[in-house]
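Participant: Line by line, the protein sequences are chains A and B. In short: position in the first sequence from 1, add 8, done, that's our numbering. In short: position in the second sequence from 1, add 194, done, that's our numbering.
Simulated from the structure, these hints should not be mistaken for laboratory data. Glycine included, C-beta positions come from ideal geometry on N, C-alpha and C. One or more hints might be untrue.
Derived pair list, reagent style SDA-like, types lysine to any residue, alpha-carbon separation capped at 25 Å [as the list claims (entries may be wrong)]:
#1 A:Lys138 <-> B:Val326
#2 A:Lys138 <-> B:Ala371
#3 A:Lys138 <-> B:Asn370
#4 B:Lys404 <-> B:Phe278
#5 A:Lys138 <-> B:Val384
#6 A:Lys138 <-> A:Ala167
#7 A:Lys138 <-> B:Leu376
#8 B:Lys404 <-> B:Thr228
#9 B:Lys404 <-> B:Leu389
#10 A:Lys138 <-> B:Pro279
#11 A:Lys138 <-> B:Ser359
#12 A:Lys138 <-> B:Thr228
The calculated label-pair distances, taken between Cβ atoms and stated as ranges, are [stated by the list, open to error]:
#13 B:Pro279 <-> A:Asn51: 39 to 49 Å
#14 A:Ala60 <-> B:Ile271: 18 to 28 Å
#15 B:Leu392 <-> A:Ala60: 16 to 26 Å
#16 A:Gly50 <-> B:Pro306: 49 to 59 Å
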Amino acid sequence: MSTPVLFDVPGPRARARARIGTAIGAVLIAALIAFVLIRLAGNGQLDPARWAVLFDPNSGVPQALSKALLKTLQVAAVGMVFATAGGLLLAVGRLSDHRWVRVPVSAFIEFFRAIPLLVVIFALYFVLPKFGVDLSAFAALTGGLVLYNSAVLAEIFRAGILSVDRGQREAAYGIGLRKSQVMTLVLLPQAVRRMLPVLIAQLVVLLKDSSLGFIIGYFELLRQARSLVEFFSRDFGSTYTFQLYVAAALFYIVVNVLLSQLARYAESRTRRSTKTAGTGDVELPADVQMDAGGGEAPPV
Amino acid sequence: MQFFIDNFDILRDAFLTTLSLSLLAGLLALVLGTLLAAMRVSPVAPLRGLATFYVEVFRNTPLTVVFFFIIFGLPQIDFVIDFFPGAVLSVGLYTAAFVCEAVRSGINAVSPGQAEASRALGLTFGQSLREVVLPQAFRTVVPPLGNVLIAMVKNTSIAAGFSVSELSSTLPRLVNANAGDLLFVLLGVVIGYMLITLPAAYAVHRLERKVAILR
Chain A
9 MSTPVLFDVP
19 GPRARARARI
29 GTAIGAVLIA
39 ALIAFVLIRL
49 AGNGQLDPAR
59 WAVLFDPNSG
69 VPQALSKALL
79 KTLQVAAVGM
89 VFATAGGLLL
99 AVGRLSDHRW
109 VRVPVSAFIE
119 FFRAIPLLVV
129 IFALYFVLPK
139 FGVDLSAFAA
149 LTGGLVLYNS
159 AVLAEIFRAG
169 ILSVDRGQRE
179 AAYGIGLRKS
189 QVMTLVLLPQ
199 AVRRMLPVLI
209 AQLVVLLKDS
219 SLGFIIGYFE
229 LLRQARSLVE
239 FFSRDFGSTY
249 TFQLYVAAAL
259 FYIVVNVLLS
269 QLARYAESRT
279 RRSTKTAGTG
289 DVELPADVQM
299 DAGGGEAPPV
Chain B
195 MQFFIDNFDI
205 LRDAFLTTLS
215 LSLLAGLLAL
225 VLGTLLAAMR
235 VSPVAPLRGL
245 ATFYVEVFRN
255 TPLTVVFFFI
265 IFGLPQIDFV
275 IDFFPGAVLS
285 VGLYTAAFVC
295 EAVRSGINAV
305 SPGQAEASRA
315 LGLTFGQSLR
325 EVVLPQAFRT
335 VVPPLGNVLI
345 AMVKNTSIAA
355 GFSVSELSST
365 LPRLVNANAG
375 DLLFVLLGVV
385 IGYMLITLPA
395 AYAVHRLERK
405 VAILR
């Protein structure tokens, strides 16, 4: 149902009412923004000198933050590769004809989708060492991200595979392909193309979740911002606290928006492509749309 | 077993914190999300724009960053907010964007004939939305909405980082104090979450079957 079905095209009086309402609303929002700015200025947070530190190479801040961004991207990249591969395997496993494959794989997927990512990472980082398996912060963080996201991605791929028109599978069997060939040559290529936008969206989530590294002491963006705050507070008190956190937040938002744009581009291409014509509507598992974790903030 | 008896108080309090955080944030998200969805289909273009902006911003921001701005940003404009209400606000505002998208997809799923008929009867936009479209929309989005709320329960774990002593935050604490019972510690926390998510999933399933519309 497209939007205009819900109401008649507004007449002159309704349009006038809407214009007045818009004007009042705009004034209210402008007042709110002004209020926030005034309060911030009143607390001295808008002082240019406080923001200059973010761009001054002598302070070491730009270098430290860009290094932290690299480390964040590192975790995310390794996590993305392994989670995608794991997700594909799990999805195929869950659709297997063999009960002894299907049941454990389903249990694995459901288990990791049911518990918060933070708990998985805690388990890897705090509990495993007590059994003699010492993981670095990097390994624990990446491991947690891979375990959790491969379970979620498996559900995405499964939804994609199931969305491929039945005729495709039947035709593939009809020309004598084996089960593995049907999967790898016919179903998966179409499923992956169909799910590409969702896949990218989930990888954005993975990137966001890498901020959980903060808690276990991996030097990604948030952690770096925190340690810079600690470093500066020795000499300057909490002068730069707000600015550093805002900078870290902006890094995340910019990278995420870029990736989301990529997802949108992929979606517009998929929609036009004839290579996904054999797929129908997909019903997605919902935690696909929402991320599972986030990060921890330090006590101020 | 001794572990559970010894630490029952800690786990129970943490569980209740997670539960009340989930319930309050879920309520906030449902109300705000529905309002946003109504705004996104409304005849007034600026309202549509505002709601779209809200959804886009919150979907592209990590929940952590939302927490940051609520708990450490608000005091900068002289609103000091306690950790627990701050967590409720953060999780609620964040989830509202996803609730809005779910409800909107439900509104789009209602057959156009329904809205056309209600307009033909002379109902206003608000009336046709309230009386005709939304009741049907909610029925179709019970499963996705339920999934969003279940994902939200897991998202509340981030509050652990903001001095709210909920389930996840007990894990590192109990691990250090009970080196001998690590699996029990893990089990206690996982069971705590499952005590919320599994009944919720079951309730969603029952509700879905009860209110489903056959088309």
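Participant: Does the structure keep Lys138 (chain A) and Val326 (chain B) at a Cα separation of 25 Å or less?
Facilitator: violated (59 Å)
Participant: For the pair we were handed, Lys138 (chain A) and Val384 (chain B), check the Cα-Cα distance against 25 Å.
Facilitator: holds (19 Å)
Participant: Is the Cα-Cα distance between Lys138 (chain A) and Thr228 (chain B) 25 Å or less?
Facilitator: Answer violated: Lys138 (chain A) to Thr228 (chain B) is near 47 Å, above 25 Å.
Participant: Is the Cα-Cα distance between Lys138 (chain A) and Ala371 (chain B) 25 Å or less?
Facilitator: holds (12 Å)
Participant: Please work out if Lys138 (chain A) and Ala167 (chain A) have their alpha carbons no farther apart than 25 Å.
Facilitator: Violated, at about 38 Å.
Participant: Is the straight-line distance between the alpha-carbon of Lys404 (chain B) and that of Thr228 (chain B) 25 Å or less?
Facilitator: holds (21 Å)
Participant: Within 16 to 26 Å or not, the Cβ separation of Leu392 (chain B) and Ala60 (chain A)?
Facilitator: Since Leu392 (chain B) and Ala60 (chain A) have Cβ atoms about 53 Å apart, the given range 16 to 26 Å is violated.
Participant: Do the alpha carbons of Lys138 (chain A) and Ser359 (chain B) lie within 25 Å of each other, as the hint requires?
Facilitator: holds (24 Å)
Participant: Look at the Cβ atoms of Ala60 (chain A) and Ile271 (chain B) and judge whether their distance stays inside 18 to 28 Å.
Facilitator: The hint (18 to 28 Å, Cβ to Cβ) holds, given that Ala60 (chain A) and Ile271 (chain B) are roughly 22 Å apart.
Participant: Starting from the range 49 to 59 Å, see whether the pair Gly50 (chain A) and Pro306 (chain B) falls in it by beta-carbon distance.
Facilitator: holds (52 Å)
Participant: Run the distance test for Lys404 (chain B) versus Phe278 (chain B): straight-line Cα separation, threshold 25 Å.
Facilitator: violated (35 Å)
Participant: Need the status of pair Lys138 (chain A), Pro279 (chain B): alpha-carbon distance at most 25 Å?
Facilitator: Roughly 36 Å separates the two Cα atoms, so the pair is violated.
Comparing the model with each numbered hint stated earlier shows that hints 1, 4, 6, 10, 12, 13, 15 do not hold.
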